[in-house]
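Participant: In case you want the letters, here they are:
Number of protein chains: 2
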Amino acid sequence: MPSLASTTGPVLIVGTGLLGASIGLGLRAQDVPVWLHDASPTALALARDVGAGTIHDDSAPEPQLVIIAAPPDVTAGLVAQALRDHTEAVVTDVASVKGVLLQELQAIPGTDLSRYVGSHPMAGRERSGAAAGSSELFAGRPWVITEHPGSDPAAVRMVRHLATDLDASPVHLDPVDHDEAVALVSHLPQMMASLVAARLTEAPPESLALSGQGLRDVTRIAASDARLWAAIITGNAAAVHTALSEVRTDLDQVLHALERAATDGPMAAGAAGAISGLITAGNEGARRIPGKHGGARRLYAEVTVLVPDEPGELGRLFSEIGDIGVNIEDFAMEHSPKQKVGMAIVSVLPDAAAGLHDALTQRGWRVVTP
Amino acid sequence: MPSLASTTGPVLIVGTGLLGASIGLGLRAQDVPVWLHDASPTALALARDVGAGTIHDDSAPEPQLVIIAAPPDVTAGLVAQALRDHTEAVVTDVASVKGVLLQELQAIPGTDLSRYVGSHPMAGRERSGAAAGSSELFAGRPWVITEHPGSDPAAVRMVRHLATDLDASPVHLDPVDHDEAVALVSHLPQMMASLVAARLTEAPPESLALSGQGLRDVTRIAASDARLWAAIITGNAAAVHTALSEVRTDLDQVLHALERAATDGPMAAGAAGAISGLITAGNEGARRIPGKHGGARRLYAEVTVLVPDEPGELGRLFSEIGDIGVNIEDFAMEHSPKQKVGMAIVSVLPDAAAGLHDALTQRGWRVVTP
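These protein sequence lines are chains A and B, in that order.
Residues in the first sequence are numbered from 0 upward in steps of one, following this note's numbering.
Residues in the second sequence are numbered from 0 upward in steps of one, following this note's numbering.
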C-alpha cells in the first residue's frame, strides 16, 4: 500500500531525543524513508532500535527535508550546517524559541535561509529520550510554523505537510510573536509554578497536610526537568523577562496592600480593593483561555461523586453514567487526604446535570454537588 | 431509629451560606436538631427550604453548640455575641483565618473564651450560597481545629465530634500555625494563579491559542470569587505578605538572571544556574506535597490514550480497562486544541502499565505513551 503521507522523503532527522524519535516513528508508520543522526551514538542506536529510522551514513540518499531536533542552544549551528551540507533540502527545526534563533541564523554569513522554515511542535516536554517517543506524540497538538519573509513558499508547504502528516494542528506565527506567545502561555506559568513549589521545600509537614487540589494544580508542572527548562527559559530570556516584570509590578501592588492590611487591619484604605482588583483581572484572563477544542470555553455543569478507592469502582461509575445515557464532557479526580475515597468530578451539559444527580443517587452513589 | 451522630444538639448555625447550610444538611441527615439564623431573611429562608434546619426564634431551646458560619470580617463579633447570649453553649466558627480572629476575640472585654474553639473546614470555596449546599460537602476534607490554651477540653471534643459527624478528617493546629499553613498552601497559590491569569487579559488571541494543559492547571483557581477571596487574603494579610515576599526575593533573582541572558545570551555567567536552581527547588517542593490519601506520593505509571469526543467513548475506555482487569489509581483529561479528540491520562501501578498499553492497543485504542 502506498503511503498516505504528504511528506515523501527522504527525511533526515538530526537529534534523536523524544521529539526527533517521535517524528521518525510517526513518519515510519506511514512508510516515509527516515535517516537518523545524533552526536551521541547511544541515543542514535536507541532511536534506531525503537524503529524511528535508519542510521545516516555516506550511502544515504540526499534528503528532501532535514529536521533539526536538538537542544535549543545548538540548533542554530546545526541548521546552518544542514543548509550548507544539503543544498537542495528544506531545513526546519523544533526548538521552542524562534525569533532569537532566526536572528542567530541571520548573523551566520553565507547562509541561504530561503530553504529554512522554523517550527515548534508543542508536545511532550514532560518526558525525554527516544524510549519515550511515540508516533502519536503530536496528535491534536499545535505545531507552530514560523516562516520568515525570505522563506520559499514551497518550503513552508513542506513543513506544514510534516505537521499534518503527524496529526498536529499547524498554526502560523511570526517568529517574534511566537516567542512572546510561548513566554506568556508556557514559560511564565512554568516559572510561577516553580516559584510556588520552591516555597514548600522548608514547610512543616503539618502545613503540607492541608494541601488541596488548588495547590496541586498550580504546582503540577513544577516537576518539570530543570536542565531542559533552564535552556528553554534562558533561550527566550527577553520575552520571559518582560512577562515576569509585569507580574512583579502587580505583585508589588499586592504586597503594598497586604502591608497596609497587616498594619491597619482588613479595612485599611485600598487594601481589599487592590486584592479584589487582581483577582477580578485574573477571572477575566482565565476566561480568555480557549477551552475544549480551541473553541469558546463552554460552560459545563459539574457533578461530583464520592468514589471508594477500590478496584473497578471508577469503571462502574462510568459504565452506570453510560447506562443513564449522559455524555461525559470532561472529567477530573480529586483525592481526599487520609480517607480512602476519591471525588470524581464529572462535567456534563448543564441540562443533564440534575437528571444525572438524581439517577446516580438512586443507584446508591454519594453525590456531593446539588 | 436514634441518630448515630456524636453531636446531640440542639445546634444553632449563624450564617446560612454554603458552609452553614451544608453543616445543617449534614446534621439534619442524622436527625440532629438544627436552628438557623442569618442577617439576610432571604438567605435564611433558602437554607430552611433546602432542609438545613428550622428558623431560630424565641421558642427555640438553648443550643448546646453554636456555629458561626459568617464572612471572616464579622466572625469575631458574632462569636463574642454568641458566648454572651448562650452562656452554656460551646461556640465555634468556620472562618479561614484563626490566629488573627483569636487576637480579635481576646481584645473584646468580658468574653469567656473557655467555651470557644476555632475551626476551619477546608471545603467548598468554589461555590457559594445555601442552594449549593450539600450534606456531603465535608466528606474526606481536612477540618482544622484550633483550640487555644484556655479552651475547655469538653468544648474541643464537641467540635471534633462535629467534624467527624460530617465525615471530615479532624486536624489539630495552633491558631497561628494554621494561618501560616493556609497562607502557604492555599492563599499563596491563589494569588500566584491570579497573577498569571491577569497577564492574559490583553494577550492576542493567537497567543492564547497556544495554551496548553500547563497554563490551564496553573490558572484553574484564578476563576475564584473576587469578593470572598479579597476578604480571605486581607484577613490573613501578615502571613500572606511573608509568603509572597519570599516569592519576590526568588523572582528578583530570576529577573536578574534573565536580564543577563537577554543581554549576553543564554551562556551569561550564572543565568542558567539561577533558573535551573529555582526549577530544582520547585521539583523538591512539589515532591513534598502529600499525594493520594495523605500518604507519601506513590509513583504511578501513566498510560495516555486518545479518546474521540463522542458520546460513550470515555465510558467504553473505562469499561474495557475494567475488562482488562487493571485498577485505575488516578485519571485526568487533557483536551486538544481544534481537534475532536481528548487525551485520557490513566494512572496505574507501574507493573500494570506495559500490559495495559498492549491490551488497549490490541483493542484498537490509540495509546500515546510507550
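Check the hints yourself; a few may be wrong.
[As the list claims (entries may be wrong)] The calculated label-pair distances, taken between Cβ atoms and stated as ranges, are:
#1 Ala130/A - Asp48/B: 56 to 64 angstroms
#2 Arg156/A - Gln252/B: 29 to 37 angstroms
#3 Asp357/B - Asp48/A: 14 to 22 angstroms
#4 Ala130/A - Asn326/B: 19 to 27 angstroms
#5 Ile323/B - Gln102/A: 13 to 21 angstroms
#6 Pro40/A - Met266/B: 22 to 30 angstroms
#7 His171/A - Ala38/B: 56 to 64 angstroms
#8 Asp251/A - Pro40/B: 17 to 25 angstroms
#9 Gly149/A - Thr200/B: 41 to 49 angstroms
#10 Asp251/B - Arg286/A: 26 to 34 angstroms
#11 Gln361/A - Gln252/B: 21 to 29 angstroms
#12 Gly272/A - Ser244/B: 18 to 26 angstroms
#13 Pro40/B - Ala268/A: 30 to 38 angstroms
[To be verified] Sample of chain B residues at the chain A side, in silico, Cβ under 10 angstroms:
#14 Arg27
#15 Ile107
#16 Thr110
#17 Glu309
Calculated directly from the structure, the hints in this document are not laboratory data.
Bear in mind the structure is a predicted one, so any value in this text is a computation, not a measurement.
Cβ atoms here follow ideal geometry from the backbone N, Cα and C, with glycine treated the same way.
Participant: Would you mind marking each hint as holding or not holding in the structure?
Facilitator: Verification of the supplied hints:
no., hint, verdict
1, Ala130/A - Asp48/B: 56 to 64 angstroms, "holds, 60 angstroms"
2, Arg156/A - Gln252/B: 29 to 37 angstroms, "violated, 45 angstroms"
3, Asp357/B - Asp48/A: 14 to 22 angstroms, "holds, 18 angstroms"
4, Ala130/A - Asn326/B: 19 to 27 angstroms, "holds, 25 angstroms"
5, Ile323/B - Gln102/A: 13 to 21 angstroms, "violated, 52 angstroms"
6, Pro40/A - Met266/B: 22 to 30 angstroms, "holds, 26 angstroms"
7, His171/A - Ala38/B: 56 to 64 angstroms, "holds, 57 angstroms"
8, Asp251/A - Pro40/B: 17 to 25 angstroms, "violated, 43 angstroms"
9, Gly149/A - Thr200/B: 41 to 49 angstroms, "violated, 35 angstroms"
10, Asp251/B - Arg286/A: 26 to 34 angstroms, "holds, 30 angstroms"
11, Gln361/A - Gln252/B: 21 to 29 angstroms, "violated, 57 angstroms"
12, Gly272/A - Ser244/B: 18 to 26 angstroms, "holds, 21 angstroms"
13, Pro40/B - Ala268/A: 30 to 38 angstroms, "holds, 32 angstroms"
14, Arg27, "violated, 15 angstroms"
15, Ile107, "violated, 15 angstroms"
16, Thr110, "violated, 19 angstroms"
17, Glu309, "holds, 8 angstroms"
Of the numbered hints stated above, those contradicted by the structure are hints 2, 5, 8, 9, 11, 14, 15, 16, listed in ascending order.
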